[in-house]
Amino acid sequence: MAGAPAGGAASDAGSVLVIDIGKSFAKVSRADAAGRILDTRSAPNRVLPGPPWPHHDLRGLSDWVFGALAELARGGGGGAERVIATGHGSGGVLVGEDPDAEGTGAALPMIDYEAESPPAVDAAYARLAGGFPERGSAIMLRSAHQARQMLRAAMEAPAAFARAAHALAVAPYWAWRLSGVAASEVTSLGAQSHLWDVAGRRWAPIVAACGWQRLLPPMRPGWDDLGPLRPELARRHGLPGGLRVHLGAHDSSTAFYRYQAGGFRGFTLVSTGTWIVALSDSCPPERLDAARGMTLNADMTGAPVGGCLAMGGREFALIAGPAGLAAAAGPEDVAAVVRAGTVAVPSFSADSGLFPGSAGRGRIEGPAPATPQGLRALALLHGAMLTEACAAALGGAGPLILDGAFLADPLFAPLVAALVPERRVLASDEPHGVTAGAALLAHHAGRTRPAELVLRPVAPARVPGLADWAELWRSRARAGGNAE
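Residues in the sequence shown are numbered from 1 upward in steps of one, following the working numbering.
Hints in this document: simulated from the structure, not taken from any laboratory. For clarity, every value in this text was computed on a predicted model and none was experimentally measured. Any given hint could be a false lead.
Said to hold, decoys possible - Okay, the calculated beta carbon distance ranges per label pair: (1) 421 to 323: 56 to 62 Å; (2) 67 to 282: 41 to 47 Å; (3) 457 to 98: 33 to 39 Å; (4) 408 to 155: 41 to 47 Å; (5) 447 to 475: 23 to 29 Å; (6) 102 to 123: 29 to 35 Å; (7) 102 to 282: 41 to 47 Å; (8) 67 to 465: 51 to 57 Å; (9) 405 to 211: 38 to 44 Å; (10) 211 to 241: 47 to 53 Å.
Glycine included, every Cβ here is placed at the ideal spot set by N, Cα and C.
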């Protein structure tokens with residue numbers, strides 16, 4: 001729980017190897033049963049150009065992942081007993097029967113979700129994808145959604161698609177590579193895949209409409225032990241043959257699970273990075289608005305979780321620019337931006353998020369900061385406002401928990417706390433919350449008491465005029481999509 005001690009020095013005994021596949025980077029880490037990170041490695045998740053379409057370099061990534069697993073398994077004198085994967089929610093892989101075929105097991109290259117989707121695919125998808133209640137999100141940009149990627153594959157490569165044996169989300173794909181067992185998992189398919197109806201706890205309409213039932217393996221919990229590491233994989237890469245493979249789950253849902261495992265209920269988590277992802281276990285589904293970047297996700301048990309997305313990291317980088325990203329802003333820089341009445345109006349990125357029609361129309365209103373520190377302060381304020389907006393959209397009065405990359409800046413969490421004076425704000429200084437959550441998930445079946453978490457209460461920043469400035473930002477943001 002909040003403020004609980006870490007529980008002593010980390011130990012290698014019974015440690016967990018965690019594969020975390022993000023859109024741009026992949027990590028392999030070693031963590032103990034309490035979720036404390038012992039060691040980690042990272043590498044770019046490369047995208048290759050077509051043909052047949054922009055796709056992830058699964059062969060190169062596989063070599064790196066298995067090599068990193070072997071290196072970390074040997075570290076600390078051995079002792080790793082489990083391996084689990086977690087991954088982003090906008091990807092999937094069509095695979096054959098053999099996990100080693102062509103070095104990837106893939107029947108077709110894994111489509112990059114930021115690849116442009118052909119108009120013919122988009123038109124067909126719009127007819128087949130069903131409504132928001134069944135999909136759990138709006139139809140998002142480019143090749144987002146595993147179902148849309150599958151439709152493109154079926155339309156453009158029908159022979160290869162017909163030979164595919166399974167359609168696997170990111171974490172289940174790696175579990176299959178490791179164990180040879182194909183399974184579906186609810187948080188992965190509940191994260192805007194458009195294949196799973198979270199509220200109805202059943203396959204979404206597009207599955208039957210396209211005859212894809214044969215491709216979707218039975219649903220299993222993310223903590224499930226699928227069996228031992230495949231012997232041939234262990235021999236080839238020097239991995240411990242006794243490793244047990246767990247199914248794994250969606251990355252943001254895994255971060256959310258970390259706090260559920262620690263005993264939190266009725267809370268909102270805002271994870272920050274390339275995307276700001278807000279999740280709440282107390283948001284009623286009828287509150288969700290697909291037109292405003294809101295989503296219906298699932299927790300590890302399949303229960304509905306309200307979500308809200310904003311491309312916060314991209315917005316931050318575009319506002320701050322290279323100079324601002326390299327600078328360090330102080331409280332005086334934030335105060336100067338507020339005093340000047342300067343606001344960054346969303347959205348600078350290609351995603352409208354909470355503000356329909358705003359994509360690509362972001363702009364700075366008021367005197368533009370003249371220094372890198374000022375630009376960073378403006379970007380920090382903008383990120384704090386996006387965070388507050390996502391949390392407010394989901395409602396609720398319970399604790400607001402912050403984690404992720406934005407917390408590396410000491411001004412960020414106090415700014416958010418100042419924007420939500422009515423809520424208790426807690427922050428996690430664990431920079432690898434997804435990895436920590438995955439390690440806890442691998443030990444879910446044997447846990448007999450809440451996981452120990454270290455969370456610090458956040459005191460609000462004291463910035464004169466911040467409340468009025470925030471209202472100015474909100475009014476400009478609401479009007480942003482209609483600006484000339």
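Hint check results:
1. For residue 421 paired with residue 323, a C-beta distance near 33 Å fails the hint of 56 to 62 Å.
2. The given range of 41 to 47 Å is respected by residue 67 and residue 282, whose C-beta atoms sit roughly 43 Å from each other.
3. Between residue 457 and residue 98, the C-beta spacing of about 52 Å breaks the proposed range 33 to 39 Å.
4. For the hinted restraint 41 to 47 Å between residue 408 and residue 155, the CB-CB distance of approximately 43 Å keeps it satisfied.
5. One distance hint, 23 to 29 Å for the beta-carbon pair residue 447 and residue 475, is violated here, with the actual separation near 47 Å.
6. A C-beta distance of roughly 32 Å is found between residue 102 and residue 123, which places it inside the suggested range of 29 to 35 Å.
7. Separation of residue 102 from residue 282 is about 46 Å and conforms to the stated range, judged on CB atoms against 41 to 47 Å.
8. Range check, residue 67 to residue 465: Cβ separation about 53 Å, and the 51 to 57 Å hint holds.
9. At about 41 Å, the CB distance of residue 405 to residue 211 agrees with the hint of 38 to 44 Å.
10. Roughly 39 Å separates the CB atoms of residue 211 and residue 241, a value that falls outside the hinted 47 to 53 Å.
Violation of the numbered hints given earlier is confined to hints 1, 3, 5 and 10; the remaining hints are satisfied by the structure.
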